[in-house]
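Protein chains in written order, with my numbering: chain E, 1 to 305; chain S, 306 to 812; chain A, 813 to 1119.
Sample of chain S residues facing chain E (criterion: CB under 8 Å; computed from the structure):
{"id": "1", "residue": "Leu346"}
{"id": "2", "residue": "Lys355"}
{"id": "3", "residue": "Gly434"}
{"id": "4", "residue": "Pro506"}
{"id": "5", "residue": "Gln702"}
I should point out that these hints are in silico values taken from the structure, not numbers from a laboratory. The structure presented is a predicted model; accordingly, all values stated were derived computationally and were not measured. Glycine is no exception: its CB is placed at the ideal position from the N, C-alpha and C atoms.
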Amino acid sequence: MLRYIALRGLLALLVAFTVSLAAFFLLNVATDPAQAIAGEDATPDVVEAIRARYGLDQPMPVRYAEWLGGVLQGDFGESYYWHKPVAELVVDRADETLTLAFSALAVTILIAIPLGALAALNPNSWIDRFALGVAVSAQAVPNFWLGLIMIILFGVMVPIFPVSGDDTWRHFVLPAFVLGASSVPAVMRLTRTGLIEVMGADYIRTARAKGFRGWPLLQRHALRNALLPVISVLAVQLGQKFGGSVITESIFAINGLGRLALESILGADIPTVQMLIFVFAIVFVAMNLLADILNAALDPRIRIG
Amino acid sequence: MNFRLRALGAASAIALALSFGPAHAGKNDDTLRAAMAEEILNLDYNYTTKREYIILAQLTDATLFTIDPVSQEVQPSIATAYDFVDDTTLDVTLREDVKFHDGSTLTAEDVAYSYNWIKSPESESNATGVVSRWLENAEVVAPNKVRFHLASVYPLVIRDMANRIMIRKAGTYDANGTINRDAMASDLIATGPYKVTSFEPGTELVLERFEDYFGDKPAIQKIIVRNIPDVGTQQAELMSGGVDWMFKVPLDLAESLGKTPMASHLSGADLRVGFIVLDAHGYTDPEGPLTDVRVRQAINHALNTEEMAKYLIGGSAEAIHTACHPAQFGCDQSVTAYPYDPEKAKALLAEAGFADGFPLELWAYRDKAAAEAVAADLTAVGIKVDLRYVKLESLNQARAARDIPAYFGTWGSGGTADTAAIARIHFSDSDRNMSGDADLEALVLSAEQTADQEKRKEIYSEALGKIADEAYWAPLFTYSANYLVSPDLDFPLDPDGLPRLQHASWK
Amino acid sequence: MTDTDMTLAAVDSGPEAEAEGLTPGQIFRQRLFGHTGFLIGAGLLLLIALIALLAPYIAPHDPFQQSLANRMLPPVWAEGGNPDYLLGTDQNGRDYLSRLIYGTRVSITIGVGAATIGMLIGVTLGVLAGYFGGWVDHAISFLLTAQLALPGLLLAMALVFIIGPSIWVVIGIVGVLHWTYYLVVTRAATQRIRSLDFVAAAAASGATPRQIIWHEILPNLASSIIVIFTFELGIAILAESSLSFLGVGIQPPTPSWGLMIAEGKQAMFYRPWLVVLPGICLFLLVIGANLMGDGLRDITSPEGRSK
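Make a model of the complete structure from these sequences and hints.
As structure tokens, this is what we get:
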């Protein structure tokens, strides 16, 4: 088991390094960080001065080697824009993204699990159809569009929640809903299928024979077993939330990692892009790994290693 | 920002929904809240370039001279007078009552240090290039007098002094022999009308009126600059009273919101011009259609620049036919114009042997609607335009590699109302110059070798005439600066397009 | 991308059941026409495909024809609407309805193109891994893990930004980043089929792996591949719209719904239809694909859960 985890971790690092290497060279070829820093009306001498100041006039392999040397000592370099260590920048911004990701996950759970359970308890009823409708619709709505619609609705028509910023919990309501909605279909369907399966199992029939019906039946016997696979899917979904934060954070002006990623790609802030690739890759792998481990731990039939 | 203020914002948003006026806090606490999309990360204009930083430098810094935005004349500031001892020796007399924000008095040493530091290559200042063009060195000759030894004759020296070099205390960047280029990046000690009281890079900058400022004191006591990257968010904040001032507002938004009682729409002049640069020399294709002057003239005729200016840029924007802003010194308006005439454009194309048009890659980096309008007009006369809408950095990169046959460029001349500020970079030794015209280049450079204004005017007339006749560019329009401000705010606009928050006041 | 997190479990149930043999045609058709979701989905897709095909005949205007004096007109039912422009005009005075109609072409091209590329990659890898096992399987699993470790949207953005956006680049990149479901499903199914008697029989009678894959395995995978393809169609369309929305996808003036939403965003408080309308189009197309996918999966799975 430990060996498996170590292997997956190593793999994530390998992938992150490969991608960051590619990103480094490609970004350097495609854009000019010095120009990006200097701005629209910068004259060539200004751009040259900046290039010298940031060492951008060094050959690319030298710069990559320098960066890599730093990373091996735990130093991810300094952002071209923010004039501070990238690691500090990422740590500063991480809490916004964590807040968003976990509150989005909470939204998913609060909507998807009750809905899935209700649907499973009443298969082929109107509520089942409704749940299916919600799932199918949520899957087809572009996330960024849902965000804009929320802003139109809540920003102007019903101004209950603020539509931008990240200062209070109220600011996270709409973004968390938008980001959380994207995971509802998967979790809802899994809850429903899992429950229906469990309800057909022998021990439930026994419980039913003993007179358990409806909610008590669900609560005491079925839900726990049906939710085990859901939990591991939630871990994967949490990883996805980090990826999804790019769009949501940009739309709702949340100063988190997602927006930082978007800005640093568009602005050719290479050191920041490099570190974010690492962070995202590790989060993804960690969440997938967590899901695998949960699966294995919960289901004795699966053995990994 | 804190919880209470946000709650206030939400409350006023609800008030808004009930169609009461918004609660603008600004006037009550004498605090002007300005929104900026660009992240403010460094307060030292000696180490920055972007427009936002110029606006801030106006607030926090003072320079030796200022240029009056209306008359374009030199006015005294830290310096009271200047005197050319000879062509390359300039004496500047200083005021004696100029205070730094830390309370110390400015000396001639400080001024000489600032110039010499920026001139030195190890400063790696963004102004180094500008200053080393003309400065040999600066020396203190009297307690209130600094002598500048110039490397060459340079007509714009006073203008550069007024615009580019911020005065720091002696030793600021290399105290104790260690170089610290970020010394003033966040804890700025300068001489301007406002001083920094707190600064969170990328988030918020708080400025307070500097009571010991030597010049006219601004009316508003406190200015808070908030970084709000999204225009929509800025707008929401303006509507709820969290912001009193926003700039670079897209025309449609400015007009729509300006019609409501929640904000006033101000539209002022801007020195920025938009234009299409054509690869007349044939860098991308030596035999390409753009090397034929008739094709370039056809492109000029094909563009309905009047409509673009009126509908897409709006405000005070106007169509132009010169490779400079009409308000700039030397921008001769009598040069050849190519009025909108698609039929004539088609005829010229046919004459040049392109009756069926040709494919053209057109690059652009801003004002997407205008870029699309240009593309559509060219398509209408048969040129098959492939629009490459990219980030500025990518465009510059591709242009440096000579991969761009035509691009939609804009230039703000750094707020300098002189043709020199646009001609040099676009028609001399630079990859922006796609004319490949050596005579033109020599002409443009010669204008900088004389301090005789009449002579300069003549030279620019000749150069601009050549540019127009050869149709090296397709000039498009001037820009207008659109602002949305709180209805309580009196914000005067200057003809050079630079917003000066220090001149704002409450109604 | 937006929804790569499709119900893996749900997709799985189809192919796993697949190995037990094809449903006889008659029952299949019966199920097909008795499945409401499938009918709605297929109907929507068919309608949108028809619109795309007949765009030049349906669209009232040239989608590229600008008229600056008529820019930002509201839809005909709103105040100031002009009956010439049923759904109003955009920021360059182009007819919005015509652009929405032509937008179907962009979305469908990208959806089909990217889903096909993903299919080619995913199915090839999946069948190879499932059939040969051993180090081939290990290597391919490595690729899978690597792919799953990548932040998809970010990577797509960076790649499109770097290579330079065009419709073909977008198709290629979205396709290359969306093959994992094909792989997971076909790998498992291939392993199962491979262990079945008829494959062993074919191998014993001297059939090469190539023949076995082409004649015995791929036909049995067909229905699950079609199901995934349908889902991936929707995912790819959403991915393109996200990229275009962020400005690193389809380039103007090509009418892409995601791009149109981005362009309308600035004025969305005053002209919400600029944002609402293309969003509805996207929604209908993607929901069509998803409903059809759901339907196909239900129909092809043996218990035929009909809705």
